[in-house]
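Enquirer: Whenever a hint applies, use it, and build me the whole structure from the sequences.
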Amino acid sequence: MYIERHIPNRQKGEKLILFLRRHIIALIGRWLFFACLALVPVGFYYFLLLNFPQILKSAVIYPAMILISSIYSLCMLLFFLNAFIDYYLDVWIVTDKRIIDIEQRGLFNREIAEHNLDKIQDVSGFQKGLLQTFLNYGDVNVQTAGEVQRFSFHQINKPFEVIRIINNLIEIKESALEHKILEKLQKQPE
Amino acid sequence: MIEISLYIFLILYGAALALFVIFALINIYHLFRFGFLSFFSFFVTFLFLAGVILILFITYELGAKIDWSQTFII
Chain Z
1 MYIERHIPNR
11 QKGEKLILFL
21 RRHIIALIGR
31 WLFFACLALV
41 PVGFYYFLLL
51 NFPQILKSAV
61 IYPAMILISS
71 IYSLCMLLFF
81 LNAFIDYYLD
91 VWIVTDKRII
101 DIEQRGLFNR
111 EIAEHNLDKI
121 QDVSGFQKGL
131 LQTFLNYGDV
141 NVQTAGEVQR
151 FSFHQINKPF
161 EVIRIINNLI
171 EIKESALEHK
181 ILEKLQKQPE
Chain L
1 MIEISLYIFL
11 ILYGAALALF
21 VIFALINIYH
31 LFRFGFLSFF
41 SFFVTFLFLA
51 GVILILFITY
61 ELGAKIDWSQ
71 TFII
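Each protein sequence line maps, in turn, to chains Z and L. Going by UniProt numbering, the first sequence runs without a break in its numbering and finishes at 190. Going by UniProt numbering, the second sequence runs without a break in its numbering and finishes at 74.
Quick caveat, the hints were computed from the structure, so don't treat them as lab data. Just so you know, not all the hints are guaranteed correct.
[To be verified] Simulated restraints, written as ranges between beta carbons of each label pair:
1. Z:Leu130 <-> L:Ile2: 53 to 59 Å
2. Z:Arg105 <-> L:Thr71: 45 to 51 Å
3. Z:Glu174 <-> L:Leu47: 44 to 50 Å
4. L:Gly63 <-> Z:Ile28: 30 to 36 Å
5. L:Glu61 <-> Z:Ile28: 27 to 33 Å
6. Z:Asn167 <-> L:Gly14: 56 to 62 Å
7. L:Gly14 <-> Z:Leu16: 44 to 50 Å
8. L:Ile26 <-> Z:Glu14: 28 to 34 Å
No residue lacks a Cβ here, since even glycine has one placed at the ideal position from N, Cα and C.
Expert: Structure below.
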């Protein structure tokens, strides 16, 4: 319910079909990278302790090292939070009327694009590599007739299932439109 | 030859810390302004804040043993 309230410019009667984020493994991969980087000062400390212990006794270098390590670790934590925000605020919403593409690019750049289902020309997707195949995540590309001609859902869970759902929605929308036109034609006096 | 106190390190550390606080606040603001509040986002924010407190505590513990009024010559 909370997610439904976050659909931008929600139209009357619009139903939420899919709410997509990147696969959690994309975030975990970045966190692991920062965790490895965060261990660098610890490794450096033990390297000095074993090879150059006199440096650690220096009245100048030791205090400087403590403060630099502290700032370095805080920066790694900041990158950790930043990676999460980048993951968490990149969202793709599929409703029964449109697809909304919300992307957070850096701290001060947020883009929201929406595409009506009737403007979508082609939906394709792919899984690349061992990890994507086994964990069943990948990219979905959507080709539209709008201003932004192509946009992608990156590293989402079950991409082929998402393609199937979007194609079904397009079919439903098209058949509803055909039905409407036929009804109008039937009502017109001969 | 210039004689410099170790306090200069603390001043530089303070400036870097101020920058860190600004960026951290902007990040947290983003999360609450645009984020979809959930247990996961609260948990990650909690982990971040707990990590910050832990690092600052360790820095304080290690730094408290140092005589920052000492000087060195360049």
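Enquirer: All hints are to be evaluated individually against the structure, with a verdict given for each.
Expert: Hints, verified against the model:
1. Z:Leu130 <-> L:Ile2: 53 to 59 Å: Since the Cβ atoms of Leu130 of chain Z and Ile2 of chain L sit about 58 Å apart, the hinted range of 53 to 59 Å holds.
2. Z:Arg105 <-> L:Thr71: 45 to 51 Å: The hinted range 45 to 51 Å holds for Arg105 of chain Z and Thr71 of chain L, with Cβ atoms some 47 Å apart.
3. Z:Glu174 <-> L:Leu47: 44 to 50 Å: 47 Å Cβ-Cβ, so the 44 to 50 Å window holds.
4. L:Gly63 <-> Z:Ile28: 30 to 36 Å: holds, 33 Å
5. L:Glu61 <-> Z:Ile28: 27 to 33 Å: holds, 31 Å
6. Z:Asn167 <-> L:Gly14: 56 to 62 Å: holds, 58 Å
7. L:Gly14 <-> Z:Leu16: 44 to 50 Å: holds, 47 Å
8. L:Ile26 <-> Z:Glu14: 28 to 34 Å: Once the Cβ atoms are compared, 32 Å apart, the range 28 to 34 Å for Glu14 of chain Z and Ile26 of chain L holds.
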